[in-house]
Amino acid sequence: MEDTDSIIIDTATRIFQDLGAPRTILNARDESWKQALWDTLEEAGLTQAWTPDDLGGAGADIADGFDVLRVAGEYAVSIPLAETLLAGWLLARADIVVPQGPMTVAPARRGERIELDADGALRGTARKIPFARDAGGIAVLARRGNDAVVALVDCADCAIAAGKNLAGDALDTVCFDGVIPQIVELAPDGIDEDALFQMGAAARTAQIAGGLRGILDMSVDYAQERVAFGRPIGKFQAVQHNLARLGGETAAAIAAVGAVADRLGRSASFDDQVLFEVAAAKTRVGEAAGEGAAIGHQVHGAIGFTDEHILHRYTMRLWSWREDFGSESVWAVRLGEMVAARGADALWPMVTAQ
Amino acid sequence: MASAIEFDPIRLPPEAEALRLEVRAFLDEQIAEGTFDPNTAPKTDGFSREFSRKLGAKGWIGMTWPKKYGGHERSFLERYVVTEELRAVAAPTRAHFTADRQSGPVLLKYAPEEIKLDVLPRITRGECCFCIGMSEPNTGSDLFAASARATKADGGWLLNGAKIWTTNAHHAEYMIGLFRTSPATTENRRHGLTQFLVDMKNTPGIAVNPIRFMNGMHDFNEVVFEDAFISDNHVLGEIDSAWKQATTELAYERSGPERFLETLYTLVELVRALGDRPDTRGAEGVGRLVAQLHTMRRMSVSVNGMLQAGKEPMLEGSIVKELGTNWEQALPGRVRELAAFIDEETGNRATLDDLLQHAILIAPKLTLQGGTTEILRGIVARGLGLR
Numbered sequence: 001m002e003d004t005d006s007i008i009i010d011t012a013t014r015i016f017q018d019l020g021a022p023r024t025i026l027n028a029r030d031e032s033w034k035q036a037l038w039d040t041l042e043e044a045g046l047t048q049a050w051t052p053d054d055l056g057g058a059g060a061d062i063a064d065g066f067d068v069l070r071v072a073g074e075y076a077v078s079i080p081l082a083e084t085l086l087a088g089w090l091l092a093r094a095d096i097v098v099p100q101g102p103m104t105v106a107p108a109r110r111g112e113r114i115e116l117d118a119d120g121a122l123r124g125t126a127r128k129i130p131f132a133r134d135a136g137g138i139a140v141l142a143r144r145g146n147d148a149v150v151a152l153v154d155c156a157d158c159a160i161a162a163g164k165n166l167a168g169d170a171l172d173t174v175c176f177d178g179v180i181p182q183i184v185e186l187a188p189d190g191i192d193e194d195a196l197f198q199m200g201a202a203a204r205t206a207q208i209a210g211g212l213r214g215i216l217d218m219s220v221d222y223a224q225e226r227v228a229f230g231r232p233i234g235k236f237q238a239v240q241h242n243l244a245r246l247g248g249e250t251a252a253a254i255a256a257v258g259a260v261a262d263r264l265g266r267s268a269s270f271d272d273q274v275l276f277e278v279a280a281a282k283t284r285v286g287e288a289a290g291e292g293a294a295i296g297h298q299v300h301g302a303i304g305f306t307d308e309h310i311l312h313r314y315t316m317r318l319w320s321w322r323e324d325f326g327s328e329s330v331w332a333v334r335l336g337e338m339v340a341a342r343g344a345d346a347l348w349p350m351v352t353a354q
Numbered sequence: 355m356a357s358a359i360e361f362d363p364i365r366l367p368p369e370a371e372a373l374r375l376e377v378r379a380f381l382d383e384q385i386a387e388g389t390f391d392p393n394t395a396p397k398t399d400g401f402s403r404e405f406s407r408k409l410g411a412k413g414w415i416g417m418t419w420p421k422k423y424g425g426h427e428r429s430f431l432e433r434y435v436v437t438e439e440l441r442a443v444a445a446p447t448r449a450h451f452t453a454d455r456q457s458g459p460v461l462l463k464y465a466p467e468e469i470k471l472d473v474l475p476r477i478t479r480g481e482c483c484f485c486i487g488m489s490e491p492n493t494g495s496d497l498f499a500a501s502a503r504a505t506k507a508d509g510g511w512l513l514n515g516a517k518i519w520t521t522n523a524h525h526a527e528y529m530i531g532l533f534r535t536s537p538a539t540t541e542n543r544r545h546g547l548t549q550f551l552v553d554m555k556n557t558p559g560i561a562v563n564p565i566r567f568m569n570g571m572h573d574f575n576e577v578v579f580e581d582a583f584i585s586d587n588h589v590l591g592e593i594d595s596a597w598k599q600a601t602t603e604l605a606y607e608r609s610g611p612e613r614f615l616e617t618l619y620t621l622v623e624l625v626r627a628l629g630d631r632p633d634t635r636g637a638e639g640v641g642r643l644v645a646q647l648h649t650m651r652r653m654s655v656s657v658n659g660m661l662q663a664g665k666e667p668m669l670e671g672s673i674v675k676e677l678g679t680n681w682e683q684a685l686p687g688r689v690r691e692l693a694a695f696i697d698e699e700t701g702n703r704a705t706l707d708d709l710l711q712h713a714i715l716i717a718p719k720l721t722l723q724g725g726t727t728e729i730l731r732g733i734v735a736r737g738l739g740l741r
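Chains S and F supply the protein sequences, listed in that same order.
Be aware that the first sequence starts at 1, since it is given in the working numbering, and climbs by one per residue.
Be aware that the second sequence starts at 355, since it is given in the working numbering, and climbs by one per residue.
If you're looking for bench data, these hints aren't it; they were derived computationally from the structure.
These figures come from a predicted structure and were not determined experimentally.
No residue lacks a Cβ here, since even glycine has one placed at the ideal position from N, Cα and C.
Hints are not guaranteed to be accurate.
Some chain S residues flagged as far from chain F (calculated, every beta-carbon gap over 10 angstroms) [as the list claims (entries may be wrong)]:
1) Ala28
2) Gln35
3) Glu43
4) Asp54
5) Glu112
6) Glu115
7) Arg123
8) Ile180
9) Ala223
10) Gln298
11) Phe305
12) Glu323
13) Val351
Derived contacts from chain F toward chain S, CB cut-off under 10 angstroms, selection only [stated by the list, open to error]:
14) Asp362
15) Arg365
16) Glu371
17) Glu438
18) Lys598
19) Leu618
20) Gly629
21) Val640
22) Gly641
23) Val644
24) Glu670
25) Ile673
26) Gly732
Partial list, computed: chain S residues near chain F (C-beta under 7 angstroms) [to be verified]:
27) Ser78
28) Val220
29) Ala251
30) Asp262
31) Leu264
32) Arg284
33) Leu347
With the rest of the complex left out, here is chain S:
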C-alpha cells in the first residue's frame, strides 16, 4: 500500500507540475494546455482510477483515486477529472464499459430526478452539472418507475444551457428530454441518487483538501519572501498565527478526507457509517474552505486579490467546490437529523464507532 500510494501520488504530482502549474496556466494565451494535460492523465490511467480493469479502467483502489484528486486540488486546475472518476465509478457499478475522454455525472443535486420512460427515452432536467459542455458523455442515475438505472448518455444528444461557478468553470443545466441513452443497465441495490451524491461530495472534499494545501504552501512561501517594515512578513507574530490557523484548517481537511477514503475503501455499501463519515467530512471541509481562503487572502494582501496572481485560482475554486453536491449546510442538516433521530445517549457511541 505504501509503495502504491507513493507511485500514484508521484505520477500525478509530476504530471500536474509539468502540465498543470497555475502560473503557466494563468499566463497561457489559449486553452491548449487542457488537452495536453488531459491526454497525459488519460495515458497514465489516472482519469479512470475508479474504473475496474475489465471495464476500461485503471483498477486502482478507491483511496488511490482520492489521492489523485487531492493532488489535482493542489494545482486547482479546471478539468473534469473528479467528474470523470465519478462517471467511471457509477458506470462500473452497473457493469457498463467506460468510454475514454472527459465525462460528468447527473443528477448533482438532491431532489432532482431523471426518468427513463417506457419508450426508452429520458425525461428531466439536471442543474449545476459540472463540465457538461466540456464532456463527451454523462453517466446518469435515472429511474425506470421505482427502479434505479445507470445510463450512458452522449452529451451531443442533450440540450445544455451554459452556466458557470464562481471560478468560471462550467456548471451547466442539462435537459435530457427525449434523449435515448447509448446504454442502460439496472443499478445494483444501494446505488441510487444518494450514493452518487455521497461519492460526489467525498470527491470534492479531496479536491478542497488539496487546494488548501496549495494555499498553505504558497502563503508560507510568500510570507517568507515579502518584506515589509524591514523584515519578511512571516516574522510578524500576527501573520504567523494566521498561517498556523491555516495549517490547522488544512490538517483538519486532510484528516477528514483520509477518514472518508478509508471508510469508503472498507465498506461494501452506503450504510449509515458511510453517510456519517461523508456528511461530517463535507461539512467540516466546506468550513475549512471558507476559513482557508480567507486566511490565504489576508496573508497575501493586495497582490493576492489581483487577477495576475494565482491565489484566486485556488480560492475561487474552494468557494465553488464547497457548494457542489450539497453545501456544508445541507450535509450538516443531514448529519444533525441522523444524530437527533438516534437520541442524545447514542451520540457518543456514534462518534466512537468511526
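Since the structure of chain S is already known, use the hints to place chain F on it.
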C-alpha cells in the same frame, strides 16, 4: 512545507474496541452505584482517590508502561480508548491523570532506577497525584525566563523561587518542576534548566497557596520554595539540559481526547433537548458540531497512532490541541445559541441550563491551560518553517 502535515486514517484495533465495551460496562456500574453522577460531575473538581484506585485495580493507569514498573504494556490506542470513555462521562480522574499522561512517561525516560521502582507502581495503583511546576509568576509559559533556581548543596540541591498556576499542587504527592541550575549562555539560551522530582508531602520549605477561579472553584495554586532540599537522585535527566525534555513531553500533553472533550456534555444535553425531530436550524447546528467533533477525533486518534509508532508528533499534536481547545471553548456559546428557543419546560432543559452555565464560566480557561493558543500557533508556525 505543508507536506509535513500528515494525519493517517488510523482505525482503532479490535482489542481497543473490546476494551471500550469493558470500560463502558465498568462506568455504567460505577454510575449505578453512585460513585459519580455524569449530570453533575462536570461541576465538581473531578478528584476522587477512591475512583483512581478502582481504575488502578483495573489496570487502566500507566497502561502503556513496562510491567516491571506496574504498567501493563498495552498500546497507545488502547490507552486512548480508556481516556476518551472516561472523559465522555466526566469521570473523576484528576487525582491520577497528570501522572498517567505525562509525569509517569517523564520518570520512565529520565528517572534513576530506584525512583522508577518506588514511584511508578504507586501511580499505576492510583495512589499518587502529580503536579507540574513549569509556569512562574511574571513569566507564564516563557520557560526561557525561568528564575526559580536550584543551587548545589551537599548531597543535593536547594530550591528557591515560585511556580504558579500549578494544578492540584494542594493534593499532590509529587511535582516535576523546572528550575534554573545555571545561567543561560550566549551560545545556548536553552542552557541551564533542570527538571527535578519534588516530594510535595515530605519536603520542608514548600508552601502551597490556593488561587481560586472566578467561578469559586479551587484548582490552581502558587507553590513557593524556600531552601527546599532535594537529593541528587531526584534530578531527572541531565543537569542544565531540561529544555528538550520539557518541550518534548508537551507532545504527550497536547494531543489526547481530553483536549477537546471538556465541554462535550453540553452538546449531548442539547441533542436531548432538541428531541428527535429538530427544525432545520437545530439540525444544521448539531450537524456542524458533530462534524467538527468527529474530524478532531480522527486527528487525535491519528496522533496517538504516531506515538504508538514511536514518533514525536510535535506539529500534529499542537495542531490538535489548538483546534480542539478552541472548539471546546466555542461549544458552550454555540449550544447556548441553538438552545435559545427550546421551551423552558422541556424535560432536560434544567440540566442543560445548569451545565451550560458552568461551561460558559470555565470556557476561557480551556485555551490557557497547557500552553495558550498563541504559544501553540507559534509552535505550528515553527513547524511550517516560519521561525
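Each hint, compared with the structure:
{"no.": "1", "hint": "Ala28", "verdict": "holds, 26 angstroms"}
{"no.": "2", "hint": "Gln35", "verdict": "holds, 29 angstroms"}
{"no.": "3", "hint": "Glu43", "verdict": "holds, 26 angstroms"}
{"no.": "4", "hint": "Asp54", "verdict": "holds, 28 angstroms"}
{"no.": "5", "hint": "Glu112", "verdict": "holds, 20 angstroms"}
{"no.": "6", "hint": "Glu115", "verdict": "holds, 28 angstroms"}
{"no.": "7", "hint": "Arg123", "verdict": "holds, 31 angstroms"}
{"no.": "8", "hint": "Ile180", "verdict": "holds, 40 angstroms"}
{"no.": "9", "hint": "Ala223", "verdict": "violated, 7 angstroms"}
{"no.": "10", "hint": "Gln298", "verdict": "holds, 14 angstroms"}
{"no.": "11", "hint": "Phe305", "verdict": "holds, 22 angstroms"}
{"no.": "12", "hint": "Glu323", "verdict": "holds, 15 angstroms"}
{"no.": "13", "hint": "Val351", "verdict": "violated, 6 angstroms"}
{"no.": "14", "hint": "Asp362", "verdict": "holds, 7 angstroms"}
{"no.": "15", "hint": "Arg365", "verdict": "holds, 7 angstroms"}
{"no.": "16", "hint": "Glu371", "verdict": "holds, 9 angstroms"}
{"no.": "17", "hint": "Glu438", "verdict": "holds, 7 angstroms"}
{"no.": "18", "hint": "Lys598", "verdict": "violated, 22 angstroms"}
{"no.": "19", "hint": "Leu618", "verdict": "holds, 8 angstroms"}
{"no.": "20", "hint": "Gly629", "verdict": "holds, 7 angstroms"}
{"no.": "21", "hint": "Val640", "verdict": "holds, 4 angstroms"}
{"no.": "22", "hint": "Gly641", "verdict": "holds, 3 angstroms"}
{"no.": "23", "hint": "Val644", "verdict": "holds, 6 angstroms"}
{"no.": "24", "hint": "Glu670", "verdict": "holds, 7 angstroms"}
{"no.": "25", "hint": "Ile673", "verdict": "holds, 5 angstroms"}
{"no.": "26", "hint": "Gly732", "verdict": "holds, 7 angstroms"}
{"no.": "27", "hint": "Ser78", "verdict": "violated, 22 angstroms"}
{"no.": "28", "hint": "Val220", "verdict": "holds, 5 angstroms"}
{"no.": "29", "hint": "Ala251", "verdict": "holds, 5 angstroms"}
{"no.": "30", "hint": "Asp262", "verdict": "holds, 4 angstroms"}
{"no.": "31", "hint": "Leu264", "verdict": "violated, 11 angstroms"}
{"no.": "32", "hint": "Arg284", "verdict": "holds, 4 angstroms"}
{"no.": "33", "hint": "Leu347", "verdict": "holds, 6 angstroms"}
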